[in-house]
Structures are given as structure tokens and as C-alpha cells.
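Q: Those sequence lines, one after another, are chains A and B. If you read the first sequence in our numbering, its first letter stands for residue 1, the second for the next number, and so on. If you read the second sequence in our numbering, its first letter stands for residue 234, the second for the next number, and so on.
Keep in mind that the hints are not guaranteed to be accurate.
Claimed, not checked - In silico DSS-like pairs for lysine-lysine, Cα to Cα no more than 25 Å straight-line: (1) A:Lys100 x B:Lys251; (2) B:Lys380 x B:Lys237; (3) B:Lys251 x B:Lys239; (4) A:Lys109 x B:Lys480; (5) B:Lys344 x B:Lys249; (6) B:Lys325 x A:Lys109; (7) A:Lys109 x B:Lys235; (8) B:Lys235 x B:Lys251; (9) B:Lys244 x A:Lys109; (10) A:Lys99 x B:Lys249; (11) B:Lys237 x B:Lys344; (12) A:Lys99 x B:Lys251; (13) A:Lys109 x B:Lys251; (14) B:Lys380 x B:Lys247; (15) B:Lys235 x B:Lys249; (16) B:Lys249 x A:Lys109; (17) B:Lys425 x B:Lys480; (18) B:Lys325 x B:Lys239; (19) B:Lys235 x B:Lys247; (20) A:Lys99 x B:Lys480; (21) B:Lys344 x A:Lys100; (22) A:Lys100 x B:Lys235; (23) B:Lys344 x B:Lys425; (24) B:Lys251 x B:Lys237; (25) B:Lys380 x B:Lys251; (26) A:Lys109 x B:Lys425; (27) A:Lys206 x B:Lys249; (28) A:Lys99 x B:Lys344; (29) B:Lys237 x A:Lys109; (30) B:Lys235 x B:Lys325; (31) B:Lys480 x A:Lys100; (32) B:Lys244 x B:Lys344.
Note that these hints are calculated values from the structure, not bench results.
This is what each chain is made of:
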Amino acid sequence: MSATISVAEAHSRKNRAVTFWQSTNGKKVVMAVTGAMMFLFVIGHLLGNLQVFEGPEKINAYGHFLHSIGEVLWIVRGTLIMAILLHIAATVQLAIRNKKARPIGYSRKEAINSSYASRTMYWSGPIVLAFIIFHLLQFTAGYVHPEARFVEGDVYHNLVSGFQVWWVSLWYIFAITLLGFHLRHGIWSMFQSVGIAHPRHTQTLKHAALLIATLIVLGYISIPISILLGLVK
Amino acid sequence: MKLKLKIWRQKNCKEKGKFVQYAVDNVDPEMSMLECLDVLNESLIERDEEPVAFEHDCREGICGSCGFMINGVAHGPERATTVCQLTMRHFKDGDELAIEPWRSVAFPLVKDLVVDRSAFDHIIEAGGYISVSTGNAQDGNTLLIGKDIADKAMDAAACIGCGACVAACPNASAALFTGAKIAHLGALPQGKPERDRRALSMVSQMNMEAFGNCTNIGECTGVCPKEIPLEAIATMNRDYLLASCKKREDIATDISPVIELTAKG
Numbered sequence: 001m002s003a004t005i006s007v008a009e010a011h012s013r014k015n016r017a018v019t020f021w022q023s024t025n026g027k028k029v030v031m032a033v034t035g036a037m038m039f040l041f042v043i044g045h046l047l048g049n050l051q052v053f054e055g056p057e058k059i060n061a062y063g064h065f066l067h068s069i070g071e072v073l074w075i076v077r078g079t080l081i082m083a084i085l086l087h088i089a090a091t092v093q094l095a096i097r098n099k100k101a102r103p104i105g106y107s108r109k110e111a112i113n114s115s116y117a118s119r120t121m122y123w124s125g126p127i128v129l130a131f132i133i134f135h136l137l138q139f140t141a142g143y144v145h146p147e148a149r150f151v152e153g154d155v156y157h158n159l160v161s162g163f164q165v166w167w168v169s170l171w172y173i174f175a176i177t178l179l180g181f182h183l184r185h186g187i188w189s190m191f192q193s194v195g196i197a198h199p200r201h202t203q204t205l206k207h208a209a210l211l212i213a214t215l216i217v218l219g220y221i222s223i224p225i226s227i228l229l230g231l232v233k
Numbered sequence: 234m235k236l237k238l239k240i241w242r243q244k245n246c247k248e249k250g251k252f253v254q255y256a257v258d259n260v261d262p263e264m265s266m267l268e269c270l271d272v273l274n275e276s277l278i279e280r281d282e283e284p285v286a287f288e289h290d291c292r293e294g295i296c297g298s299c300g301f302m303i304n305g306v307a308h309g310p311e312r313a314t315t316v317c318q319l320t321m322r323h324f325k326d327g328d329e330l331a332i333e334p335w336r337s338v339a340f341p342l343v344k345d346l347v348v349d350r351s352a353f354d355h356i357i358e359a360g361g362y363i364s365v366s367t368g369n370a371q372d373g374n375t376l377l378i379g380k381d382i383a384d385k386a387m388d389a390a391a392c393i394g395c396g397a398c399v400a401a402c403p404n405a406s407a408a409l410f411t412g413a414k415i416a417h418l419g420a421l422p423q424g425k426p427e428r429d430r431r432a433l434s435m436v437s438q439m440n441m442e443a444f445g446n447c448t449n450i451g452e453c454t455g456v457c458p459k460e461i462p463l464e465a466i467a468t469m470n471r472d473y474l475l476a477s478c479k480k481r482e483d484i485a486t487d488i489s490p491v492i493e494l495t496a497k498g
């Protein structure tokens, strides 16, 4: 049965990193750590983006600054890409295992103690990934920039002209909301996966996760909404 | 009261199973769910039909033998209750109950509602021993244990190994069970010497059995008749993580997983 690691395989002496990765718990630790890295990026990216409200000079200068640090930018990008790949690899392997763990499903199954966000991680994750690819093609590479011209270096222009297209904004708001759902479970789940839990603090952490996820969503979607309403032009 | 029971009937793991509808007309509201099945079985025996097979032992909610899904919830609608302790007054006259066994590849079906939970025994076995010195009993209160620590250990030790956590988990993960077993010994001084080895071998056995993995969603603790907290899973993760870093040699267990045993015959 391929659902389990074979006995022989488990018994052969291996590098401890390999053994750790092969255990479901180890993969979850990897998912937690890589998730935390991506979460930090999401915060940093939000703080950078909100400079759009301070006018074209400010955010364009910020864009130039990021490009001026060259090597450091690529180290950060490389780390994030590694984090994404590891996060996905672990998810896919665990999901395949989970699928095999219950080949015959229930005729009826009720969820009584879990959040909607936690049960839909397999949906929110891939959709957010698809969004990130589109988002990079539109605003970083400039390959896909509907109904306007992408101007390399003019972050403000690209942002405003991009979000003035209603479906770009709508897709952005939808994807960011799903990111919020993903974080609402992910922010506290990463602590659980690395073994940090407390009967009282964990409850606080769950509330904090919901609050942080909501603030992140509101922060991000304030940009396309302001542009669509003409507050930023 | 009258109930319609839609029960999963399956002769053995090789034959195909199906739901069969039974009408039970003489249900006393004070009966337990198992007694309701007893009544049904008596009528089945009278009609020369095969009675519904289900596991039970103490019928006091402490042995962990019984358990099945009722309308999509492990152990039925009452929280912190096993099916033997679930009284029929929680249902309404004319209700239809869909009753089916725990579904997990690691728990092969034996018959009807009975599944083989040997995989749990393997995890316990992998945990090994704790060092207890023989000889005279030591003086009382020489080993001081804080109330909070004792409570934490006791909360975990309450696990009766019924398998509802695996059944309720969308991934059929045994994390709550394994976590409870690791946490209840690891929290106490008596369990400290073997703490690392125990975490490594129990987790490795859990992963060798055909269980899914934990995604921290919490369905397990919701159906647990002993209300084992999700914190037990974090304790397992922490112990495993620390032990993986500290370990000096690989610990091999020799217990073949259930699913390979059944595959052989």
C-alpha cells in the first residue's frame, strides 16, 4: 500500500533532515516556517503598497529604492520562491497521503468544530497562487497589463491604470479575501505545527489571527477600491 | 418513540457493503444508542436475520470499545459522550439516523460497524516503557508535581482510544490520539527519561500506519468523548521537533503497520 512509508524505507538509516521531511509532522513544520516567511512578506508588501496614498513621488521612490538594492532584492526573492516551492511540495505530498487515508468517504459528514477557513485551505491556497502569478505578470514584469501601457519604473501609473480596469480590481479583491481566509487559519496553525500551544494564549492567538487577517485584507483592498472610486488617480 | 435506522451492513472487508433501512418502533427515550441497537438485533434474530455487529464493552463511556458515526458526527450529536452513553431522548420521534463505521484505511473494516483499530495498539507499543524503580514504595510527596502539570497529564491520559478523532478528521489523521499518549507521559517526571525516544518512535509508528496528517482544523477534539485538547497535538509536535534535533542515533521500530498486515492476508 503506497499510502504508508514502507517499513524497509523507514528502517534504513538516513540523514536526519530526510527523516524529518519524511514524517508528516516534519512537513508541517516546514509548512509553518515557510508560511511564516510568506506572512512577513505579505506584511512588508502591504506597508510598501500603502505608500500609494502618499502620492506618485513617494511610491515611485520606494520602487526605485527596491530596485537599487539589486542583490539583496534577489536574495529576498529567491528565499520567497524557495519558501513557496517547499510550502507547495509539502502540501501536495500531504494532500495525496490524506486522500489515500480515506478512500471510502462518509455518506454524510458534518463539520462541528472547525472554521470555514481551515477546511478550505486546499482551495484558497491554489487560487492565491494563481493570483500571485497573474499579479507578478501584471505589476512586476508588465507582460499582462490590460487596457493601459506598462511603464517600467512608474509604479504609481502602473498601479492606478491597472486597477482602473474593473475586473482586475475585482479579481484582486477576491484573491486577497481568500488570502485573508488562508491567513486566518495559517497564522495560528503555524504555532500549533511547531508545537507552541497554550490553553489560554492559543484562544487569544486565534482571535489575533482573525484580526490580523482582516486588517491585511482591508489594507490591501483599500487600494483598488480607492482607485475605482476615483479617490486615487 | 419510533426511529428509522439506516445502518451500514458489510459482511467483511472483502465484500461490498451497503446501507440497510430498519424501522425500530419500540425505542425508549431512556435507552442508550447501543441498547437501541440491542433491541433491533433481538428483532433481527427473531426474524432469522444477521444481527448488526458493533463493538462494546463497559457501556460506561470509559473503555473506548464502542463508536460509530451517527448522521455524520462521530459518537453522535452529544458532546463528550460515547455512543454507549448517548441516550435516545436526544433524538425526536420519527428521526432517521444514518449509522456507519469509522472510515479510515488504517482501520480496516471487520464487519458492519466494527473496525480493526490495531494501528492504535501499534502506536502505544512503539511508545515502549517508562522507568519505574521496583522495591519499597517511596515516601509520599517526595516527587512534587504542580497541579497544572498534573491536570495537563490527566487531561491527556483521559484518552480511551476509541478512534473518533481519526473518524472525524477530514484527513483521517491519528494526531490527537498520538498526541494524547505522548503528552500524558511526557508531562510527568516518571515519563521524562524516555520522553524523546517515546516521541520519536510513536510519531514514526503513527506515520507508518496509513493515517493522514494533521491540518490543525480541530474536528477531532470536537467529537472526542474525553475532550482531549488540541494542545496535545502541539505537545507531540514540540516533543518530536526537539527530539529530532537532539537524537544521537536512529530509533527503529519493528512493528509492521496494519495495512501491510492486511495486505498479506
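Q: Honestly, which of those hints from before does the structure not fit?
A: Per hint list: 2, 4, 14, 15, 19, 20, 22, 23, 25, 26, 27 and 31 violated.
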